[in-house]
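Hey, can you work out the whole structure from these sequences and the hints?
Protein chains: 4
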Amino acid sequence: MTLRIIATGGTFDKHYDELAGKLTFSESQLPDVLKRARLTVPVELEVRSSLIDSLDMVDKDRQEILQSCKNSQEKAIVIIHGTDTMRETAQVLGAAKLDKVIVFTGAMIPYEIANSDALFNLGFACGVVQLLTPGVYVAMNGQVFLWDNVQKDRSAGVFVTNS
Amino acid sequence: MTLRIIATGGTFDKHYDELAGKLTFSESQLPDVLKRARLTVPVELEVRSSLIDSLDMVDKDRQEILQSCKNSQEKAIVIIHGTDTMRETAQVLGAAKLDKVIVFTGAMIPYEIANSDALFNLGFACGVVQLLTPGVYVAMNGQVFLWDNVQKDRSAGVFVTNS
Amino acid sequence: MTLRIIATGGTFDKHYDELAGKLTFSESQLPDVLKRARLTVPVELEVRSSLIDSLDMVDKDRQEILQSCKNSQEKAIVIIHGTDTMRETAQVLGAAKLDKVIVFTGAMIPYEIANSDALFNLGFACGVVQLLTPGVYVAMNGQVFLWDNVQKDRSAGVFVTNS
Amino acid sequence: MTLRIIATGGTFDKHYDELAGKLTFSESQLPDVLKRARLTVPVELEVRSSLIDSLDMVDKDRQEILQSCKNSQEKAIVIIHGTDTMRETAQVLGAAKLDKVIVFTGAMIPYEIANSDALFNLGFACGVVQLLTPGVYVAMNGQVFLWDNVQKDRSAGVFVTNS
Chain H
98 MTLRIIATGG TFDKHYDELA GKLTFSESQL PDVLKRARLT VPVELEVRSS LIDSLDMVDK
158 DRQEILQSCK NSQEKAIVII HGTDTMRETA QVLGAAKLDK VIVFTGAMIP YEIANSDALF
218 NLGFACGVVQ LLTPGVYVAM NGQVFLWDNV QKDRSAGVFV TNS
Chain L
98 MTLRIIATGG TFDKHYDELA GKLTFSESQL PDVLKRARLT VPVELEVRSS LIDSLDMVDK
158 DRQEILQSCK NSQEKAIVII HGTDTMRETA QVLGAAKLDK VIVFTGAMIP YEIANSDALF
218 NLGFACGVVQ LLTPGVYVAM NGQVFLWDNV QKDRSAGVFV TNS
Chain E
98 MTLRIIATGG TFDKHYDELA GKLTFSESQL PDVLKRARLT VPVELEVRSS LIDSLDMVDK
158 DRQEILQSCK NSQEKAIVII HGTDTMRETA QVLGAAKLDK VIVFTGAMIP YEIANSDALF
218 NLGFACGVVQ LLTPGVYVAM NGQVFLWDNV QKDRSAGVFV TNS
Chain U
98 MTLRIIATGG TFDKHYDELA GKLTFSESQL PDVLKRARLT VPVELEVRSS LIDSLDMVDK
158 DRQEILQSCK NSQEKAIVII HGTDTMRETA QVLGAAKLDK VIVFTGAMIP YEIANSDALF
218 NLGFACGVVQ LLTPGVYVAM NGQVFLWDNV QKDRSAGVFV TNS
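Chains as they are written, first to last, in my numbering: chain H, 98 to 260; chain L, 98 to 260; chain E, 98 to 260; chain U, 98 to 260.
Read the hints as simulated data drawn from the structure, not as lab findings.
Note that the structure is a prediction, hence the values are computed from the model and not measured.
Ideal Cβ placement from N, Cα and C applies to all residues, glycine included.
Take the hints with a grain of salt, since some may be wrong.
To be verified - Straight line, CA to CA, 25 Å or less: simulated DMTMM-like cross-link-like pairs of lysine to aspartate or glutamate: (1) U:K132 / U:D153; (2) E:K119 / H:E185; (3) H:K132 / L:D181.
Said to hold, decoys possible - So the derived label-pair ranges between C-beta atoms look like this: (4) L:N246 / H:F122: 38 to 46 Å; (5) E:V138 / U:P139: 24 to 32 Å; (6) E:D250 / L:D153: 49 to 57 Å; (7) L:D250 / E:S252: 44 to 52 Å; (8) U:L152 / E:Q188: 45 to 53 Å; (9) E:P139 / H:V255: 38 to 46 Å; (10) E:A192 / L:K119: 47 to 55 Å; (11) U:L243 / L:A117: 38 to 46 Å; (12) L:K157 / H:D196: 47 to 55 Å; (13) H:V255 / L:P128: 13 to 21 Å; (14) H:L152 / E:M98: 16 to 24 Å.
Written out as structure tokens, the structure reads:
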């Protein structure tokens with residue numbers, strides 16, 4: 098089995114720009130992260146040309162991500178995505194009913210900041226993507242959610258089911 | 098689903114003792130690690146009374162770990178273990194044929210050292226333990242291995258199948 | 098010799114708020130930082146009641162910092178301050194001609210973010226403050242600047258003399 | 098003023114070798130550390146050909162370090178050294194009465210391990226080396242010690258004067 102990992106940006110990949118004095122995007126940190134993870138399972142890393150905050154994501158971006166999934170030779174796909182609109186992108190992909198396992202994950206604290214959950218979440222997603230049946234999922238907080246039954250509870254900073 | 102996580106020590110949990118000038122064991126870092134992981138899935142953490150290097154593990158230790166698994170109310174168990182004899186302990190548990198999912202993981206670089214794979218591996222294990230069928234597994238390097246078909250390639254520092 | 102360290106906020110002490118998704122201020126990280134530094138020289142830590150970005154600092158804040166320095170029993174004072182208006186606050190203190198050594202320092206990257214210069218800068222400041230003659234200084238980039246001959250080169254992200 | 102920084106190894110520069118499962122020496126981490134420190138003061142970094150634990154340092158090593166200091170064009174020299182025999186090497190250099198400022202520093206916890214004092218100590222040493230009068234000093238725990246009045250209190254893990 099080969100995994101495809103699609104990096105779209107999001108909190109996971111935010112980088113502190115010391116000249117601007119704020120968190121923004123630079124080169125993706127995923128190549129370093131994957132090296133650190135010491136994976137022997139083959140991985141195709143696809144870094145989107147423009148890493149963005151998921152609040153800035155528009156329908157065109159979601160269509161392009163859908164196209165990436167359609168084009169993917171790999172049946173197991175992890176998408177690293179901002180948490181704020183992870184659900185919206187998951188819905189676009191879920192409706193497309195591809196015969197692939199697509200798992201969204203992200204982070205509440207950027208990878209490069211102390212106490213980040215990014216590496217845990219990526220490990221979790223890389224695990225479940227190999228075992229789930231085809232479909233679209235959100236993997237956050239140590240849980241797997243179905244794309245059509247998940248939402249972010251912004252006041253608590255965690256993902257929960259809809260009901 | 099509730100997870101049980103059993104901390105036995107191993108490289109994952111090694112701590113630098115600045116007075117002795119070497120890596121040893123102190124309090125388990127797992128409580129901090131789990132907080133950082135932002136889990137909402139319930140977790141029972143069981144820290145063994147004496148954290149040890151897996152090269153120092155003797156049969157009595159393995160029998161106690163087996164007993165912990167037998168006693169566990171949780172059907173999904175992650176065991177954090179040193180990599181050098183992870184296979185040996187997995188064999189003791191595998192032979193017992195418990196009706197539970199037991200996933201071993203660990204780290205090549207201690208959690209508190211730069212570039213550690215510990216958090217990724219724990220995330221991976223916490224994911225697959227929720228989806229695998231009952232049995233005993235080793236989850237390392239982004240792969241799931243069966244307990245009776247895994248070994249550590251010490252020169253490469255990775256886990257591989259036996260054949 | 099006892100050191101007084103006054104924490105005013107600034108990039109050094111910024112903390113990522115995962116619910117708001119931005120860098121802001123919470124509890125000062127200085128108590129942890131000082132523990133980590135393993136100091137045996139006595140230190141009085143004074144954390145200002147409201148940690149702020151130095152771009153938000155107004156004259157009232159500067160007068161209060163001046164008052165803290167005047168009140169200080171310690172003759173050696175390190176002030177942790179945002180870099181953007183470090184020069185302005187140094188000018189207020191410099192003009193007061195106190196018979197104390199006052200050293201400003203800060204960070205270009207927050208203490209809790211990978212690759213931060215915060216700990217180096219604090220070490221540097223805690224060293225020079227013990228050896229300089231009374232006066233007001235800025236200690237950044239491994240250099241000591243006089244309060245009336247320093248400016249931040251914002252495009253390069255470094256401190257330089259005026260000429 | 099230009100600084101010379103001589104890296105000899107010691108706890109500061111220890112690196113975890115994941116295949117051997119222990120702390121040892123690899124490439125010096127000083128080039129990365131200095132980049133992180135964002136120095137604008139010119140620095141000549143001299144990494145000794147063989148980085149060693151200071152307990153393994155023999156008289157020949159000390160004579161070579163002395164020779165490096167004699168040959169140094171720079172009048173301000175920071176030596177990164179293991180703490181266990183820092184005093185012994187300082188005595189060899191102190192007895193040579195060079196017309197240079199030589200400051201020893203090191204770390205109780207390796208640079209790459211969580212909670213390390215390495216970066217603070219290096220900052221401290223880089224500061225005081227620019228201000229001290231010629232002589233040989235040990236800079237640890239936020240204090241400057243004279244080479245002939247310093248010892249390591251091993252049970253407390255701190256440097257103290259002899260009396």
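Task: Beta-carbon spacing of U:L243 to L:A117 - inside the hinted bounds 38 to 46 Å or not - done: violated (28 Å)
- [ ] Could you tell me whether the CB distance from H:L152 to E:M98 stays inside 16 to 24 Å?
- [x] With a Cβ separation near 51 Å, H:L152 and E:M98 fall outside 16 to 24 Å, so the hint is violated.
TODO: Kindly confirm whether 44 to 52 Å is satisfied by the beta carbon distance between L:D250 and E:S252.
DONE: Holds, at about 50 Å.
Open item on the list: Taking 24 to 32 Å as the stated bounds, is the beta-carbon spacing between E:V138 and U:P139 within them?
Closed with: Holds, at about 29 Å.
Task: Status of the given 47 to 55 Å range, CB of H:D196 versus CB of L:K157 - done: Once the Cβ atoms are compared, 50 Å apart, the range 47 to 55 Å for H:D196 and L:K157 holds.
Task: 13 to 21 Å as the expected CB spacing between L:P128 and H:V255, which holds or is violated - done: holds (19 Å)
Task: Distance restraint between E:K119 and H:E185, which requires alpha-carbon spacing of 25 Å or less - done: Holds. E:K119 to H:E185 sits at ~22 Å (cutoff 25 Å).
Open item on the list: Just to be sure I understand the hint, the distance between the Cβ atoms of E:A192 and L:K119 should be within 47 to 55 Å; is that true here?
Closed with: Cβ of E:A192 to Cβ of L:K119: about 53 Å, so the range 47 to 55 Å holds.
Task: Hinted pair H:K132 and L:D181, Cα distance within 25 Å - done: holds (21 Å)
- [ ] May I ask you to test the hint 49 to 57 Å on the CB atoms belonging to E:D250 and L:D153?
- [x] Given about 56 Å between the Cβ atoms, the range holds.
Task: Supplied distance hint 45 to 53 Å, evaluated on CB atoms of U:L152 and E:Q188 - done: With a Cβ separation near 50 Å, U:L152 and E:Q188 satisfy 45 to 53 Å, so the hint holds.
Open item on the list: Checking one constraint from the list: CA of U:K132 to CA of U:D153, max 25 Å. Satisfied?
Closed with: Roughly 29 Å between the alpha carbons, so the hint for U:K132 and U:D153 is violated.
Comparing the model with each numbered hint stated earlier shows that hints 1, 11 and 14 do not hold.
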